[in-house]
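Chemist: Those letters in the sequence shown? Residues 27 to 279, by this note's numbering.
Hints in this document: simulated from the structure, not taken from any laboratory. Fair warning: this is a prediction, and the values are worked out from it, not measured in the lab. Built from N, CA and C at the ideal position, the CB exists for glycine as well. Certain hints may be false.
[Unchecked claim] Label pairs and their in silico Cβ distance ranges:
| id | residue 1 | residue 2 | range |
| --- | --- | --- | --- |
| 1 | Ile-209 | Thr-154 | 20 to 30 Å |
| 2 | Ala-53 | Arg-245 | 42 to 52 Å |
| 3 | Ala-255 | Glu-112 | 19 to 29 Å |
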Amino acid sequence: MTARVLASNPHHADAQHPEDPLVAALAGFKLDPARSYTAQVHSQLQEAIVRGVLPPRTALSEATISKLIDVSRTPVREALAQLADEQMVLIYRQVGTIVAPVRMSLLEEGRFVRSTLECASHVQLAQTITPAQLNEFGQIVARQRDAVASGEIDRFSELDELMHRRLFEFAGREHVWAMLEPIKRQFDRVRWLLLGHVAGHAERALKEHEQMLAQMASRDVAGLGASVAAHINHITAHLTALREHAPASYFAD
C-alpha cells in the first residue's frame, strides 16, 4: 500500500491521535427514536471497534458515551454487556470497561471456520453460478479496483465484505453468512488493521479476488479451492508484519 493510501486512511490517523477515540467513534451519530437505543449503540460501538476507530484497550466510559449521544446510561450499559458477550470489550467490575485486544485464539478460530465454509461453498458455487451472478461478481471486483486506485480503504473493505456475502447468497447460503458474522469479528478487526498498517495488503487482496473471479468463470474447481484457502490464510500470514507496525497492546494470547 502506498504512503498516499496510508495518509488518506482516517483510521490510521485516529491511531495516532488516541486522546479522543470516543469522540471520533460517535461523531455524527444520531439515535433513531423509532428503534431500540441499545441495538443502535451496540451497532455503532461494534463497528468502531472492528474498524479500529476504537483501538484495543481504549477505555469506554459509560458516562462519557451517554453524554456524547444524549441518552441515559441504561442502553449504553446494555450495549457494553452485549459487546462483552461477543468478546469485543472487557468489563472489570468497579474499575471500568476497555476495548478487548485481538485474541489470537479467536482469530485462529475465525480463520478455520471461514476457510472451511468458504472453500466448500465457493467450490460448489463454481459449478452452478449463473452469467448474471458472474457479472455482479465482476462488477464488485471492478469497484474494488477503483477503490484501491483512489486510496479509498474504507470503500475497499466494504466491497470486500459485500463480495464475500454475495458469494454465499449466490449459493443460496445467506444463513451461513449470518452464522459466520459473530465468529469472524476478530478476523475482521485484523483485516482492517492490515489495510491501515501493512503495505500492499489491499493490492494483494484485489489480485486474489481477480483470480477467484477468473477461476469461478472458467469452472476451475481445484484452482478456486486453493485460491480461496490462500486468500483467507494470508490474513494470519501477515500478522508478523502487522505486529511490527501496530502497538503490542493490540494483541493477546
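Chemist: Evaluate each hint against the coordinates.
Modeler: Hints and how they fare:
For Ile-209 and Thr-154, the Cβ-Cβ distance of about 25 Å falls inside the hinted range of 20 to 30 Å, so the restraint holds. Roughly 47 Å separates the CB atoms of Ala-53 and Arg-245, a value that falls within the hinted 42 to 52 Å. Take Ala-255 and Glu-112: their Cβ atoms lie about 26 Å apart, and the range 19 to 29 Å holds.
In terms of the numbered hints stated before, the structure departs from none.
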